[in-house]
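For chain A, the structure is supplied; the task is to place chain B on it using the hints.
2 protein chains.
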Amino acid sequence: MKARVTVMLKEGVLDPQGEAVRHALGALGFDGVEGVRQGKVIELDLAEGTTEERVREMCERLLANTVIESYRIES
Amino acid sequence: MKARVTVMLKEGVLDPQGEAVRHALGALGFDGVEGVRQGKVIELDLAEGTTEERVREMCERLLANTVIESYRIES
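Quick mapping for you: the protein sequence lines, in order, are chains A and B. Residues -2 to 72 in the working numbering are what the first sequence lists, from first letter to last. Residues -2 to 72 in the working numbering are what the second sequence lists, from first letter to last.
Just so you know, the hints here were simulated from the structure itself, not pulled from any lab data.
No copy is singled out in the list; a pair is fine if it fits within one copy or between any two copies.
The calculated lysine to aspartate or glutamate pairs, modelled on DMTMM-like cross-linking and capped at a C-alpha distance of 20 Å, are: (1) Lys7 / Asp42; (2) Lys7 / Glu54; (3) Lys37 / Glu16; (4) Lys37 / Glu66; (5) Lys(-1) / Asp28; (6) Lys(-1) / Glu31; (7) Lys7 / Glu31; (8) Lys(-1) / Asp12; (9) Lys(-1) / Glu16.
Since this is a predicted model, take the numbers as computed values, not measurements.
Just chain A, with the same shape it has in the complex (with noise of 0.2 Å):
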């Protein structure tokens, strides 16, 4: 089975990639981009029969740093 785990920075934590994403944009002339955020996209390839609930443990113990992180667990 799949998972895949979004890391994003939490609201209101500084995201120096995603303001060098956005200047980088505007500089290359696309105007309108308003706001940029940048994160982490995980795809674990799990055994059948994992449960969400260990997915979640390992986003806890290693995938997010929940200070600061945020996460999301799709199947």
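Just chain B now, kept in the frame of chain A:
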């Protein structure tokens, strides 16, 4: 309007970041993790009326390295 771009390394391109995560999950005792691919997700806050074609152009010119990465746009 919002658009979300997901950028992943193409199949067959070595993903050392994903491998590192897979290894770390194993070391933490998470069994059954058969594969991990890590990519990035870019959330764009765009002026109303920005076309998907325009977002595609942003991907081609900046957000993805299309030699080794594939991208997907969701609005």
